[in-house]
Amino acid sequence: MAELQFDTLTFTRGEFNLQLPQLRVIRGEKLAILGENGSGKSTLLQLLTGLLEGEGTIRYDREPLKQISTIERAHIFALLPQQAQVIFPFSVFEVVLFGRFARTDGRQPSDQDHKQTHELLKQLALEPLSERSFNQLSGGEQRRVMLARALNQQASVLFLDEPNASLDVRHSLDIFTQLQQTTQTVISPVHDINLAARFFDRFWLLKNGRLLADVDRAGLTTDLLAETYDVQVSTATDSFTFSR
Amino acid sequence: MKKLLFSLLGVAFIVALFSGATAINPLDMSPVESDILLGLRLPRVLFSAVIGGMLALSGSIYQLTLKNPLADSFTTGTASSAALGAVLGIACGLPTPLVPLLALGTGLCGLFLVYRLSVTAGVINPVTMILSGVVVNIVASAVISFSKFYFEESLSSIVFWLMGGFFIVDWTRLGVCALLLAVSFLLLQRIGLQLNLLAFDEASARTMGVDVARLRRFSFVLATLLVAVAVSHTGIIGFVGLITPHIARSLYGSDMKRNLTASTLLGALLLMLADAGARSIIPGGAELPVGIITALLGGIFFLYLLRTRRERLWHG
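Those protein sequences? They're chains G and H, same order as listed. Take 1 as the starting number for the first sequence in the numbering used here and just add one per residue. Take 1 as the starting number for the second sequence in the numbering used here and just add one per residue.
Calculated from the structure, these hints are not laboratory results. Predicted model only: the values in this text are computed from it and were never measured. Any given hint could turn out to be false.
[To be verified] Straight-line distance between alpha carbons at most 20 Å, and here's what the computed SDA-like set of lysine to any residue pairs gives: (1) Lys66(G) with Arg214(H); (2) Lys257(H) with Pro89(G); (3) Lys66(G) with Phe11(G); (4) Lys257(H) with Lys66(G); (5) Lys66(G) with Glu202(H); (6) Lys148(H) with Thr96(H); (7) Lys3(H) with Asp255(H); (8) Lys207(G) with Thr182(G); (9) Lys257(H) with Ser133(G); (10) Lys257(H) with Asp223(G); (11) Lys66(G) with Lys3(H); (12) Lys257(H) with Asp111(G); (13) Lys257(H) with Gly106(G); (14) Lys257(H) with His114(G).
[Claimed, not checked] Here chain G is said to cover these stretches of chain H; the calculated rule only asks that three of the stretch's residues, wherever they fall, bring their Cβ under 8 Å from a Cβ of chain G: (15) 188-201; (16) 249-259.
[Claimed, not checked] Stretch by stretch, here's where chain H covers chain G in the computed footprint (C-beta under 8 Å, at least three residues): (17) 42-51; (18) 92-100.
Every residue, glycine too, gets a C-beta built ideally from N, C-alpha and C.
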């Protein structure tokens, strides 16, 4: 069943114009959005999460996004934006616990919410940072905490804008492995093509605000990537391969 | 920690009650002295506490919604634009109950102007915000001074408006302000959890389930109403709202529900003591406008914040 779908979707801001054909995402799919800087990846994410409004109806389980209330939206999807930040010295635990806001319908989080937050922190190896002030963490640590915050929302769709930005190779692998195993739908612009190819099962390739291709892993060819990024691509490689 | 705060409040209350030009011995009071104590000082001390709470509460909200550690009713230019409204209202012979409403109107205009000037693509630049606040302050103060010269008769002294003070206190004013403080406090406590999420970037907050625009609008209006009513009664008392939320955060953490409570109590504490100081610093019964004392304290604190947070202010 399609969890997310839209008819043609258009959005214009200044010179930039995004125009996509009808597309749908199936429940549980791991979808990577590939494309060079400025190709419209983040804009697409903002449109799909209702942060920007374009033309064309976006539907979650057949219900138009516009008719879904703010709090219900937070049940359906969570977003990790590229520039996530918190002012004030909140602790890591507090930041991740805030992810439960929609789940508690705006009420004080229960013991269960606290317990679940602790478990999530443990699972993501963030527990040692739990009492630290979020603002004193390194960029990579902050990124992992923000990801934990988004996961704690327990939404059925996860929009993650470059989840491994500023993460080292081990933490990138850990996070992508975790995302691969979840039942949630993951929609994520990714810059590291090798990681994307390994952990995602579907790919939207964007170029200048247009959809170049909508393919599965087998369809992700060197020619297609070369066209997407205007570079030459080969698979015979002398690069390192990492695994856990 | 809470006990400590309440005990300090109690001590400050007693200190403020017995500070002033006339030394009063509580165990041996003449009728005149008891009149001074109960008729003059008691309402005044309570009034300074309530106004302190109002300014601190608004400061806590401004710092959150504007995402700026240097924000309060003074630095955002809200207080001076509200004072401008009050001054014009009085000068034009507006009925007294309507004066704070006009102050609210001009206060919101000032705040909106500062907000619009400092926002680019949904992100508030903290430095631009402070600069815009300074500009609004200068212009509003100039118009207040001009009005004073033009409408000499109907306006109380320029010192009152620009430096603030508790020169006119009665139980009715006290009642109105206390009621407003109580209602605003309860309303803000009710949405305390949502307010926490405003500490996040807008995209995160909105997708976490908060209607950011609506919440921000509501908070702005309520905080500005507190400022407008306070300013209409006491003139501009700056920096109470700047200092107290920081102290509250360092003592009780960043959670907004706790911060709103602690800021309000600390604001009451600070202004009671500042007013007690203003009443007793000059020998011979003359009193200082309390705004001079808070500006002195606030100025030093502002410098301290500027020094310790410079990096983050400039680079987000």
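Taking the hints in turn, this is what the structure says about them:
1. At roughly 16 Å between alpha-carbon atoms, Lys66(G) and Arg214(H) fall within 20 Å of each other, so this suggested pair holds.
2. For the proposed pair Lys257(H) and Pro89(G), the alpha carbon gap of about 15 Å is at most 20 Å, so the pair holds.
3. As the CA atoms of Lys66(G) and Phe11(G) are separated by approximately 16 Å, the hinted pair is consistent with the 20 Å bound.
4. The suggested pairing of Lys257(H) with Lys66(G) is violated, with an alpha-carbon distance near 31 Å, which exceeds 20 Å.
5. Distance hint between Lys66(G) and Glu202(H) is fulfilled; the C-alpha atoms sit about 18 Å from each other, no more than 20 Å.
6. Of the supplied pair hints, the one linking Lys148(H) and Thr96(H) holds, its CA atoms being roughly 18 Å apart against a limit of 20 Å.
7. Proximity of Lys3(H) to Asp255(H) is assessed by CA-CA distance (about 19 Å); at most 20 Å being required, the pair is judged to hold.
8. The straight-line distance between the Cα atoms of Lys207(G) and Thr182(G) is roughly 29 Å, outside the 20 Å bound, and the hint therefore fails.
9. For a cut-off of 20 Å, the pair hint linking Lys257(H) to Ser133(G) stands: about 18 Å separates their Cα positions.
10. Proximity of Lys257(H) to Asp223(G) is assessed by CA-CA distance (about 56 Å); at most 20 Å being required, the pair is judged violated.
11. A C-alpha spacing of about 48 Å is found between Lys66(G) and Lys3(H), which places the hinted pair above 20 Å, so the restraint is violated.
12. Of the supplied pair hints, the one linking Lys257(H) and Asp111(G) holds, its CA atoms being roughly 18 Å apart against a limit of 20 Å.
13. For the suggested pair Lys257(H) and Gly106(G), the alpha carbons sit about 13 Å apart, so the restraint of at most 20 Å is met.
14. Restraint check: the Cα-Cα separation between Lys257(H) and His114(G) comes to about 18 Å, which is no more than 20 Å; the hinted pair holds.
15. Counting residues of the segment 188-201 of chain H whose C-beta lies closer than 8 Å to any C-beta of chain G gives 7; at least three are required, and the coverage claim holds.
16. Check on the segment 249-259 of chain H: 4 of its residues sit with their Cβ under 8 Å from a Cβ of chain G, so the three-residue criterion for coverage holds.
17. Note: the segment 42-51 of chain G has 4 residues with beta-carbon separation from chain H under 8 Å; the three-residue rule is met and the coverage holds.
18. As drawn, the segment 92-100 of chain G meets chain H at 3 residues by the rule of a beta-carbon pair under 8 Å; at three or more, the given contact holds.
Hints 4, 8, 10, 11 from the list above are not met by this structure, while the remaining hints are.
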